[in-house]
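A.B. asks: One-letter residues, chain by chain:
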Amino acid sequence: MAEARAESLAVNDWGGGVHPYRVGHRKLGMWLFIMSDTLTFAALLVAYSYARAASVNWPTPFPLYPSIAFSTTMTLVLLSSSLTMVFAVAASKQGKRGTARKWILATMVLGLTFIVLHLFEWKHLMDEGLAPFELPAKWLTEKAWPGASPLFGSTFFGITGLHMFHVLTGVIYLGVVAARIKKLNDDVEVAGLYWHFVDLVWMFVFPLIYLLSVDYHGVIKALE
Amino acid sequence: MVESKAKEIKFWNLVLLGLSALSILAAVLTVASDRFKAGTDDVFLVLVCLMLALLFAVPPLMWAHANGMLKNPFADESSVEGAALEAAHGEHGGSNRDNIIVWGALLALTALEVFLAYIQINVTLMLIILMGASIIKAALIVAYFMHLKFERLSLILTIVPTIVVLLCLFSILFPDSFRLHNMRPVEPPVVHQPEHEG
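Chain order of the listed sequences is L and D.
Position 207 of the first sequence, counting from 1, maps to 206 under numbering that gives the first Met the number 0, and the rest follow consecutively.
Position 42 of the second sequence, counting from 1, maps to 41 under numbering that gives the first Met the number 0, and the rest follow consecutively.
It is worth saying that the hints were derived from the structure and are not from the lab.
Here a beta-carbon is modelled for each residue, glycine too, at the ideal position from N, C-alpha and C.
Far from chain L by the CB rule (all over 10 Å, computed), these chain D residues:
no., residue
1, F10
2, V14
3, V30
4, D41
5, C48
6, L69
Okay, the calculated bits of chain D under chain L, using three or more residues with CB under 8 Å as the criterion:
no., stretch
7, 98-107
8, 155-163
In isolation and in its complexed conformation, chain L is listed as follows (with noise of 0.2 Å):
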């Protein structure tokens, strides 16, 4: 009878039963990690948006080139990255290990790609003068961007500094699963779900860091 019951409850997809949502204990906890990172993401974008909304002037400092082509090679660099790492949990759920282990290798080498373009384009703004608190003196002048936020550095190099080091987190990750790959079992499905979040925040923080801060009218050019 108890048998029977339980029998009938996860025939159901919103009964509960002993397995309500089918998945292992890693896949869940891993969801729920993200569940809660999608949060601390969201929280700083949305501080972003209101620091910018409600600011007198916000500097728009990247020009097409080279900061805009930067950023988008970036973004083909991390979307590429999830490719092979589909591809990596693909192969690892057909038993073919030494295969997952080749493709979770190419996603690390595309994000540690990302991570040193991403740290071009930080020196090439340090270089400008651009600090956390401090906007460059060049771009407070009437020629750029008078009386123009110093947030803008703080939101910058924190959302963009956060998802960084959720990259370099995520490439230590996929090496160690990488490593140990003959011992795992759903490891590389797991990393995966990491990986491809890690994506998916980036998708939130291009548009809104780089392409609503393009600098049309050749400002930083004419402050050279």
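Please build the complex by placing chain D on the supplied structure of chain L, with the hints as guidance.
C.D. replies: Chain D only, in chain L's frame:
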């Protein structure tokens, strides 16, 4: 024991339906009130109320669906066959070909976004299109790459509505940022002298 369980389910379904009705009522009252001007705040509040109503209604609707009182209007006949095929195949989820197509769609949407940035359009319109494209991209990644489309419905219904409502609640104070701009002048306010007559 089974009967008491059924009673309990009925009770909670009624409570949730009540909460859902209250949320709809709140939305209706907002629209009906004198202060409703269909501005950002009003529309936002109404949307949040309606979304909460939907969230509360999910378990009762699922229960009704499970008991055959509610047919899924979007269900197509082939899905049963497809599910059987997938079960026979031993693994669920999209094929590599599907994933490459999704990847292509993501690249195309990114290209569209960059193109819009290149031709320089009105900022508000730009923001709306960018956010729309980003949400589509996020949905594609979650559904196919993160495999959520192929998970059990209970997992999907636990994750997606919760996140959507929470994100809306996050931005509930957002319209304030526009007012803040007007309330905090950087320069001393200009005092208009009364004009001399004649």
